[in-house]
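Student: Going line by line, the protein sequences match chains A and B.
Each residue of the first sequence is one higher than the one before, counting from 655 in our numbering.
Each residue of the second sequence is one higher than the one before, counting from 655 in our numbering.
Check the hints yourself; a few may be wrong.
Treat identical chains as interchangeable: a pair holds within one or across any two.
What the hints assert, rightly or not - Below, simulated DSS-like cross-link-like pairs (lysine-lysine); rule was C-alpha separation at most 27 Å, straight line: (1) Lys691 <-> Lys712; (2) Lys691 <-> Lys846; (3) Lys884 <-> Lys830; (4) Lys846 <-> Lys658; (5) Lys839 <-> Lys691; (6) Lys830 <-> Lys712; (7) Lys729 <-> Lys884.
In case anyone wonders, no lab produced these hints; they're calculated from the structure.
2 protein chains.
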Amino acid sequence: MAGKIYGIGVGPGDPELLTLKAKRILEQADVIAVPVKEPGEYSTALEIVRPVVDLHGKEIHEVVFRMDRDVERRKACRAEACGQLAGLLRDGKDIAMITLGDVAVYSTYMYVNNYLAEAGFETEIVPGIPSFCGGAARAQLTLMEGNESLAIVPSVQESGILAEALDRFENVVVMKAGGSIGRLKGMLEERKIPLQCATVLSRVGMEDEYVGPLDPGREYSYFTTVIVKKGR
Amino acid sequence: MAGKIYGIGVGPGDPELLTLKAKRILEQADVIAVPVKEPGEYSTALEIVRPVVDLHGKEIHEVVFRMDRDVERRKACRAEACGQLAGLLRDGKDIAMITLGDVAVYSTYMYVNNYLAEAGFETEIVPGIPSFCGGAARAQLTLMEGNESLAIVPSVQESGILAEALDRFENVVVMKAGGSIGRLKGMLEERKIPLQCATVLSRVGMEDEYVGPLDPGREYSYFTTVIVKKGR
């Protein structure tokens with residue numbers, strides 16, 4: 655009988671923010687699949703799991719997703735990775751593929767999930783705490799109250815949608831904001847949104863976490879989140 | 655020494671979606687505080703916790719938040735509830751107050767948190783899986799991929815922000831949508847967004863869950879969520 659693949663969200667960083675279900679499935683699985691950009695790369699998701707899941711006797715399988723600029727080469731790399739996973743499933747092995755935060759939020763697992771589901775394999779997703787919920791808890795902030803709305807926008811070159819979100823939504827989460835704290839500060843100032851409405855959350859739950867005001871003088875990791883609450 | 659209060663997100667319904675931290679803190683706490691609208695009311699959050707947390711010997715304390723139309727009476731009721739919790743904390747008891755989903759998403763706990771933090775008590779928030787992440791996992795959908803954005807909007811009478819979200823965002827989560835499935839269907843049709851782009855998620859993880867297309871003929875619970883993915 656073929657195995658089953660699970661996509662597991664391991665949460666934002668604190669190993670204790672794994673769910674009971676994630677822990678159980680990781681301990682039952684034959685193979686822990688770890689997405690990496692290069693073979694041998696350090697995996698934050700695997701380090702999160704290690705202190706709370708018994709990995710003794712597990713097969714750790716790297717799933718290499720190269721960030722090649724060439725779309726065709728990227729596709730070929732993904733197809734090869736999925737082919738390897740399909741081989742393990744055909745051998746009857748259950749696979750748990752881990753991903754930082756929640757599976758539905760910017761993870762590569764869904765590509766694998768859809769590929770393997772179409773190939774007829776059984777798939778299941780176990781949600782995880784997304785970084786913005788972990789960050790809001792750490793900063794003791796709400797994301798939305800009463801009948802408020804929330805926009806979640808990645809900070810990228812083209813910032814039309816970020817501008818609209820800041821204009822129209824009471825609450826805005828800016829994801830992947832590490833490289834654009836200065837630009838975001840400018841956008842808030844243009845809109846006369848007081849800077850104390852913004853809270854930067856960088857590497858929450860890690861040893862070098864930063865939770866505080868916008869400070870363009872600092873260096874931030876790519877996975878930095880900013881919560882803007884206009885009503886604050 | 656005064657006790658500490660924890661706000662605990664218990665996730666969307668499946669008891670196994672509690673985090674390891676939520677379970678530990680609920681088991682260590684002296685008092686489990688349960689928000690209710692009326693004394694003796696059934697608490698979904700408490701029923702979620704029961705199968706996975708040892709509640710033996712715990713003091714279960716109802717925190718009554720009446721949904722009074724009168725703002726002053728509502729405030730007085732909240733102040734009384736917070737005063738009771740402060741009394742328990744002064745007695746040296748640690749309190750874990752549970753809330754459905756994530757603490758930062760439409761929960762009343764944050765009012766309690768801010769009140770008690772201002773009164774000088776120690777507070778901590780343990781995030782939970784929000785309903786929209788639980789729902790996306792159940793339906794095997796992403797909330798956002800690549801550089802996509804997401805708008806999360808409650809379905810209320812005034813739907814200007816929902817209209818804008820549907821116009822501008824690739825992905826829209828409509829919360830509290832139980833009473834307005836017909837209206838939402840009309841808004842999608844007006845915008846020529848195919849109806850198969852919308853997935854309704856009602857009581858996910860519960861026995862009577864519904865995950866499927868928009869069907870205005872059905873009855874839905876208040877806590878129904880709709881995920882609209884225009885790119886689907």
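Student: All hints, please: hold or fail.
Tutor: Right, here's what the structure says about each hint:
1. Lys691 <-> Lys712: within (21 Å within a copy, 48 Å between copies)
2. Lys691 <-> Lys846: This pair counts as neither: shortest intra-copy Cα distance 40 Å, inter-copy 39 Å.
3. Lys884 <-> Lys830: Both: 20 Å inside a chain and 23 Å across chains, each within 27 Å.
4. Lys846 <-> Lys658: Close neither inside one copy (52 Å) nor across copies (38 Å); limit 27 Å.
5. Lys839 <-> Lys691: Neither: 31 Å inside a copy, 41 Å across copies.
6. Lys830 <-> Lys712: Neither. Shortest intra-copy (32 Å) and inter-copy (42 Å) distances fail the 27 Å Cα cut-off.
7. Lys729 <-> Lys884: between (41 Å within a copy, 23 Å between copies)
Checked against the numbered hints listed earlier, the structure breaks hints 2, 4, 5, 6; every other hint is satisfied.
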